[in-house]
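There are 2 protein chains.
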Amino acid sequence: MPSYKAPVEDTLFLLNDVFQWSRYADLPGFADAPPDVVEAILTEAARLCEEVLQPVNLSGDREGCKRQPDGSVKTPKGFREAYKAYAEGGWVGLASDPAYGGQGLPYTLAAAVNEYSASANMSFTMYPGLTQSAIAAIATHGSESIKDRYLPKMVSGEWAGTMNLTEPHCGTDLGLLKTKAVPQADGTYAITGQKIFISAGDHDLTPNIVHLVLARIEGAPAGTKGISLFVVPKFIPDAQGNPGARNGVSCGSIEHKMGIHGNATCVMNYDGATGWLIGEANRGLNAMFVMMNEARLGVANQGLSQSEVAYQNAAAYARDRLQGRSLSGIKAPDKPADPIIVHPDVRRMLLEIRAFNEAARALVVWTSLEADLAHRSPDEKVRQKAEDHLGLLTPVLKGVLTDRGFDSTVKAQQVFGGHGYVGEWGMEQFVRDARIAMIYEGANGIQALDLVGRKLPKDGGRALTSFLTEVQTFLKVNEADAAMTPYLTGLRQGATHLQQGTMWLMQNAMAKPDNAGAAAYDFMHMFGLVALGYMWGRIAKAALARKAAGGDAAAMDAKLAVGRFFMERVMPETAAHLARLSTGADSLMALPAEAF
Amino acid sequence: MPSYKAPVEDTLFLLNDVFQWSRYADLPGFADAPPDVVEAILTEAARLCEEVLQPVNLSGDREGCKRQPDGSVKTPKGFREAYKAYAEGGWVGLASDPAYGGQGLPYTLAAAVNEYSASANMSFTMYPGLTQSAIAAIATHGSESIKDRYLPKMVSGEWAGTMNLTEPHCGTDLGLLKTKAVPQADGTYAITGQKIFISAGDHDLTPNIVHLVLARIEGAPAGTKGISLFVVPKFIPDAQGNPGARNGVSCGSIEHKMGIHGNATCVMNYDGATGWLIGEANRGLNAMFVMMNEARLGVANQGLSQSEVAYQNAAAYARDRLQGRSLSGIKAPDKPADPIIVHPDVRRMLLEIRAFNEAARALVVWTSLEADLAHRSPDEKVRQKAEDHLGLLTPVLKGVLTDRGFDSTVKAQQVFGGHGYVGEWGMEQFVRDARIAMIYEGANGIQALDLVGRKLPKDGGRALTSFLTEVQTFLKVNEADAAMTPYLTGLRQGATHLQQGTMWLMQNAMAKPDNAGAAAYDFMHMFGLVALGYMWGRIAKAALARKAAGGDAAAMDAKLAVGRFFMERVMPETAAHLARLSTGADSLMALPAEAF
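So the protein sequences, as listed, match chains A and B.
Counting from 1, one number per residue, gives the positions in the first sequence under our numbering.
Counting from 1, one number per residue, gives the positions in the second sequence under our numbering.
These are computed hints drawn from the structure, not numbers from a lab.
Hints are all accurate, no fakes.
Just so you know, same-sequence chains aren't split out, so a pair can sit in one copy or run between any two.
Below, simulated DSBU-like cross-link-like pairs (lysine-lysine); rule was C-alpha separation at most 35 Å, straight line:
id	residue 1	residue 2
1	335	512
2	335	458
3	225	147
4	225	512
5	331	180
6	66	77
7	84	147
8	178	74
9	335	180
10	335	178
11	385	476
Isolated chain A, as found in the complex:
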């Protein structure tokens, strides 16, 4: 059976030592969360995740969700009880507006809790996760009456939410969507069409589910400029705000899929369902994009979450499993064999995962803090810089943390040998669950295009310039510190490659857009490595400082060792990315479509 322990210490180190949490104490919400309160919150979240959510992860995978003959959906054993504990603990609305019953705490804390929760049980965490996305959409775009009707029940977790975008013939290209909305005399719309791949589309965790649905109002323009956003509750709230009449929306079937079996991925049929317009007509995609950044950060976090729990189990196994002898001489003479952690190649796999995890967590914390600044800072310049950061880094985090997170689960599975391929250790579930994060909320190739095609050139490249300047400043400020040298050399090289890659794009992508498309994926991963490397620089600096102050030498030494591994063995990949992207689009476009 797999196990999980939430990395509370590491999160606290990042919040306090690396990002100096107390600097933000004057922002709304942060004042309520001084370091001791943060520690208490994270510790309580850890307990819930370890003791309630994780124990039903493997069993939830085996059992899956079941659609009943009446179209209702049953979640796996234990999910209802787990959800009750989660909702009653106030975790759904941790960062939501207190006006609707939320705790108003920083988003950064919600992101940390979501990492733990997804590590413990990714399928489960998607239920409240989608509610959080729906809350964000309604809070930003809903009328006061819509907000009053739905938000209190969603923030408390009493009702759940979903996002309905995809249709059989359109996922990435939402301009093709066909679901139609016919205006009714009472100002509502009759929604008709089919949506697919709807996570948490139906379930038995809550008495009502609030669907956010993209549809095309009759007569609206074709393409993306004719799409509107609607709220379509499963049960229409009655005058008292309780679930009333059953609406014309139902789960037609549950997808048979590779993983996240504990989450019901539904085909949703809308058959003249009553919907209320959210935001402006024909501006539904813009309304969606508002919550895209947070949703994508959430998915990035899932990549980290599976990598973390996979690492923990693989490390424990490597310390226990006796097999073979160390190349450098017997290490456990009293045992029939050495634990496999003596083997350099087993350590390589573990360290590749660990070196990713700690830096990825730092990236999530950093970017979440910027999200908080973007929403909560009174200083317009700070908000703009934060928005720049979010726009630029979100596709990088989504693409790179989910790609590398998936690779981590594959490596962790490999540490187990054959025992990783069978179900009982749970390692193969992490692989199957992690895989979806590379696909949903915009497949990673789309993230790369978003980065290169939209985010890089935006505002004359202001966001990238700001990022690179920050990295260069860090390199400069620390170059005289010999203890920092191992953490700067690889980063400097990577940053140079990133600049060269950017230059190549500027010189080659304007005249020939296919060059941008051909370079995008490598550029995104190169960027990700530099961002992760910069995080290692920051972590090393904080670790050296804490050690110098006499704190936690062993833990800090471990960080310094893992960071050195990252610089020596992971950062060199930037060169390959640069070499590849610099070859341009020709070798990609040469083959005629029919020759594939």
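Since the structure of chain A is provided, determine the placement of chain B on it from the hints.
Frame of chain A; chain B shown alone:
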């Protein structure tokens, strides 16, 4: 529903154009297989794979194998009929000794057929595949009476075979195995113990199953030098050679695993089962190693097989699926969107797979031909060179073709977006099935250690010298040919990196064995890239020649384009591997075991 078409044309191109099949016409078995016969055999195999095996692949995954209350195992619907067709077609014994009813054809043809068969249905193919391994073991080490009793029935496919090595506490380190063999008065042994992860351990395809079992004869030395190999039939053959008394071996349970659900992976319980010693007592591991090369090549072939079938389906989907518009202008103005094959990043994924597949197939053909030479050439020097090749390249093929083959299935799945994550298109099955090949027959980290620790230094590095000399000669011979330049530059660079990596190992691994362990995985992958790159050089040369001779211009142009892609976009990875391995073991060994 996924589809599959066996790449007969490509195999024939490799056999005839690249490796000049007719050169071997004077070897035993090759005389019976001139090009037209080869084409007929491959075409017939293709038909069986496409029409019989592939149609029960997805359904076999869904249904899985079921252990009945009496301990017998039921394979999925259609497997019995498929097996009947496979056995009656003579495919089990295609390359087996005619003295036992085999067709005596070159192993190279069997390898090609096994690729097709595994592409069509990997779970199914493992049943006859394990029989082929068991045949090889008995043929090499069995006494005449054992051979006469078992081989005719196994070669015909009437009976199946299995390999029983792994136990709960030992996989890689077989020296720890505990299954015991107690000598009986009649010369047989009573075998008692538990084996796990036994592929095809029990099933309903054949009336008898011949288990090859590693066990320790009572009183034998500890460790690997006290292990013997036994044949343990499920039913003991009676005087007429038919299945007689039920032996004391049975399937205790079927593993719940990530993939290859159509193959029964069994816990096998031996309870005083009657076994016959094969080969010398205490030399069982040596007997096993004889068939290791072929078994590992077979697994390498599985990596290719899943990559190929995943590619075919992804390419077809990319040509059909309409989504978004080309960055360089609308390509299908009559349609609501362009097919996604217009997007450079979709082409990148497809070409990374395709560029691997064609070169990997060449590596399998090349190495299979060397296996044929090792067994069939009358010239001792040729045999020795072939053995060198096999020893050196087998771990590279096993490790690299299964790692990259798995990556291919993940990329092909990505081309499908959300449709790749659900079951109906079959893409997620390829990922789950391909994953096991990185683990069994020696996990890939073990292949890397075998390469660096054993195969490189063997005979003073003779095998590697021979490989590098062949590559250098190829580079030299073709350097004046301008048409070949795109296929030489990247290869030259890669070969240089491989030499530098080898030098680094010579200088650093002797004094400090952990440096070998730390470098092994990167070295193996660097070697694999050079080997794949060399194959692209050979393919390009043959394609240019065929084109010059007026043949198949479109098909040859496609090869030349894909090869160029490989050189520009894949070969640069060798630099990262060299950079990583040259950092040595320090950053891997610094962290104490308890700090993981």
